[in-house]
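J.: Residue numbers (our numbering), protein chains in the order written: chain B, 1 to 291; chain V, 292 to 546.
Because the hints were derived from the structure by calculation, they are not lab data. Be careful, since some hints might not be right.
Claimed, not checked - If you anchor each label on the Cβ, the simulated ranges turn out as follows:
hint	chain 1	residue 1	chain 2	residue 2	range
1	V	Tyr508	B	Glu169	27 to 33 Å
2	V	Ser376	B	Gly57	46 to 52 Å
3	V	Leu421	B	Thr34	53 to 59 Å
Said to hold, decoys possible - Among the chain B residues that face chain V by a calculated CB cut under 8 Å, a handful are:
hint	residue
4	Gln65
5	Met148
6	Leu189
7	Asp213
8	Leu222
Given the structure is predicted, the values throughout are model-derived calculations rather than measurements. Glycine is no exception: its CB is placed at the ideal position from the N, C-alpha and C atoms.
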Amino acid sequence: MEPKKVGVVGCGTMGAGIAICMLQSGMDTVVCETSAENLENGLNRISAFFEGSVKRGKMTPQQKQERLNLIQETTDLQDLVDCDVIVEAIFEDVRIKNNLFRELNTICNHNTIFVSNTSTLSITSIASGCGRQDRVIGIHFCNPAPLMKLVEISHGLETSDDTYNKAVEFSEYLKKKVVTTKDTPGFILNLLLVPFENDCIRALEQGIATVEDIDLVLKHGLGYPMGTFELLDNVGLDIHYAVSMSLYNELKDKRFAPPPLVKKMIDAGHLGKKTGKGFYEYNKTGMFGAV
Amino acid sequence: MQIQQIGIVGSGHLGTILSQKFQGSGIPAIYVEANEPSPAKMSVLQDCQFIIEVVPEQLSEKIKVLKHIEEIVPSEMPIAITISSLSLAEIASSIRNPERVVGLHFFTQANRDKLVEVIRSLQCSDTPYLQVYELMKKIGQVPVRTKDVPGFLINRLFVPYMNHAIQSYEDELTTKEDLDTAIELGLGYPMGPLKLADVIGLDDYLFTANTLFQELYDTKYAPPSLVNRMVDAGYQGKKTQKGFYEYSSLEEVKE
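So here's chain V without its partners, still in its complex pose (with noise of 0.2 Å):
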């Protein structure tokens, strides 16, 4: 399929870095803020192929700008919105075609900014479903096809393996460092947990945990009480300079 041109509808740095992906793979993108959408503004989304919306994480504004490209596009025009933690199934239920709603989680992350992961709601149908995932194949990502649960594929992995190892740490199995070197050397991960902590940020990570244990009740997403305190004493990790390590003031701190 020769695409003509996609519509990204949102603000911030997501939405930037999308454009210029569409534009250095040849694709066409329009960019429209999505802060004050206005019906001449959004008019050029007639046009497009596909929408891909790029606001930021909060269901009611998400909603909302659903609802406005829903008046401009035609029924069946695929419809990818971005997001990581909400139900993507919530959303979708905003609008009158659910089933051409598709999600993406992107990591914006430098080192591993290739991964997206393509979510399939429950009312999702195949054919816009498969149009997004390849989308993404031609602006050189790597697509993962996955489900509308909590935490989509990565994190539902990722918390469980966290909290253990902070939680490990906690109950004093080894030092710290001594953790993060048996990670490194014996399992080959580009980090260890701890340090890894540190660059997300305690409080970001405290984030993540608690919404996957809301919605799924089970202790090993719960993040460890260790967690919790740190967070309380403002060590939140690189953007403090105190996490599980200290940073000197002098060093760059990397997103």
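If we strip away everything but chain B, and leave its shape as in the complex, we get (with noise of 0.2 Å):
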């Protein structure tokens, strides 16, 4: 399947870097936000990455504005119609995002499939009772989309194997590496990533070693690229949080739970870059698309 038209619910963070990956491929790509202003934001984010990519003479300024002539903006779902694949990436919350699909099943073609972008939620559960459970399915965007070559994707105890098949020409068609997964909770990366994260924090807790000290570790002993608390701020304390409680309470393992430490910051305001402050103090806030 080579999509000509598709679209994306949900222009934050995650939303935006999927947009940008559909861009760049050449599809014409509906962004469709709840208000004006979340648009506009969202917009904003698409039009500084490419921005950025000029800067660094990775792109003319016309293949810029080529990639930005592909995009139809919207507040309005029936914009959505006749798209090929559409991708939520909107709040974390299965009856949310169950009832954007529910609209959704009455507005578009009887071919366009639903992709959630969910990290941790089942693809079951967003599916459920939306009217084409066989045409819905998970591809889990890393972040940030625009330069992480993996998606995971999984499907529900529904999606149809059509649907995987296209699922699949569909990253591939965005230029990502398929691994695929079963619909349990936190899929591969997270699965593996949160309890780890979680005892770097209950180290530190303990005392065993200092925040400086366990990144350090991490990055010359095990090779990663970044330190547990370096990634922690960019992601921000709030969402590590509402991820680490989102896989507990689904998998009653303490090993997902947040440590009390992550609660404490958040209640101190400390939630990483966006604040100046969270395992580190930072000077000026981080800004997406300046990496």
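Hey, can you piece these two chains together into the complex? The hints should help.
T.: Shown next, in the form of structure tokens:
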């Protein structure tokens, strides 16, 4: 399948990143947000990324404009009617995502495939009762989506083989490397990453080593590109807390539960780069696209 | 502090590597074989400012050598001992001045040989600990400070992650190739967990995980039964040409 027209619902960090992937592959891309303000913020994210590419000499101003011209911006779900694939990157909540797919089902062409970019929720639950459960699938992009090569594809209990095959083709069309997982909490990456991060936080709580020394061990001892505390500051402690709780609620295994320090830091407003202080301190807040 | 001389006591590969590192940093190091320590040979240690013990990881051997050293060097001289899974407090307790004993955990695998964990036991005092930490910087190592807890820092974090990855594979979450690819491309780690287990050696990995589990009794440290069965079957990884993956005999087996 060569998708001609695709859509993204939700244009936050992940949604914008996914839209950028689509635009770079030359697809007509409908970008849908809930309000004019959110839409403008989302489009600014996309534009800032391409502007960065121009500044680094990876793209001409004309190429940037060609990509931006592929965008159809909207706050109306009706505009997604004739998309081949729609990827949702809205708030991580099963009910909200399920309601979106129910509504889209009444709008979109029969063949449109609904993709969820959820990182921890069940694809089967998100698809449940939406009216086209066989055409719903999970494609989990990694952050930052334009730069990370991997996607995790997971099929719900009712996802058809045809939908799976199309999702693989779509991902390859976006030049992503596909790994296939089951519809289990956290898929592969978050299943393994989140308890590891929590173990690092516990080692810190227990006074086994400092933030800096734990990050040093991971980078020099294990060759990881970034220390856990650098990574958590980038992701945001509030997001880490939500992801950990979501996995814990499904799996009831204490390795996934966020250690008490995370809650304390959130209460103190130490969310990471975005607030200027997390495990480390930052002079200016991190900006998407500056990577 | 200008360092006049370092004494290295022990045997084997690590002793040789360390001697070279000191020489390369312009710090004179004398090397004393620990196999049959004689008072005459050991007496050269008197003029050193630090002693580093590199005897193989066996409790009785380490204590024996440490007691010999104690009889020769001044009571305040810092003694660093290399250690990977034993209790530092237990070894330090075998001599009269345990406060000057500092643990060093080196990594001999080629791509991580800069790292050294500098381990502080309950008895250790500030001065020798900081001196050994600074000494490691002087020879170009990346020292990290950690406590005398099972697995120290790196294995305490690494073993549960590896167990979890192997268990997920045993539970058929995905294929071995997709699992390794996800970790390499999704997290940017240099090697996926199953490939890495093959490089480490399943038998060595099993030993490390069991050692941690037997101290901590938390199931996250317990090796998955698949590892036990693979070792039973002789599938130890690259060194036996079969682990999670198969390797041809022509392929170079790296340490």
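J.: Now, for every hint given, state plainly whether the structure supports it.
T.: Each hint tested on the structure:
no.: 1; hint: V/Tyr508 with B/Glu169: 27 to 33 Å; result: 49 Å, violated
no.: 2; hint: V/Ser376 with B/Gly57: 46 to 52 Å; result: 51 Å, holds
no.: 3; hint: V/Leu421 with B/Thr34: 53 to 59 Å; result: 56 Å, holds
no.: 4; hint: Gln65; result: 31 Å, violated
no.: 5; hint: Met148; result: 7 Å, holds
no.: 6; hint: Leu189; result: 5 Å, holds
no.: 7; hint: Asp213; result: 4 Å, holds
no.: 8; hint: Leu222; result: 7 Å, holds
Hints 1, 4 from the earlier list are contradicted by this structure; the remaining hints agree with it.
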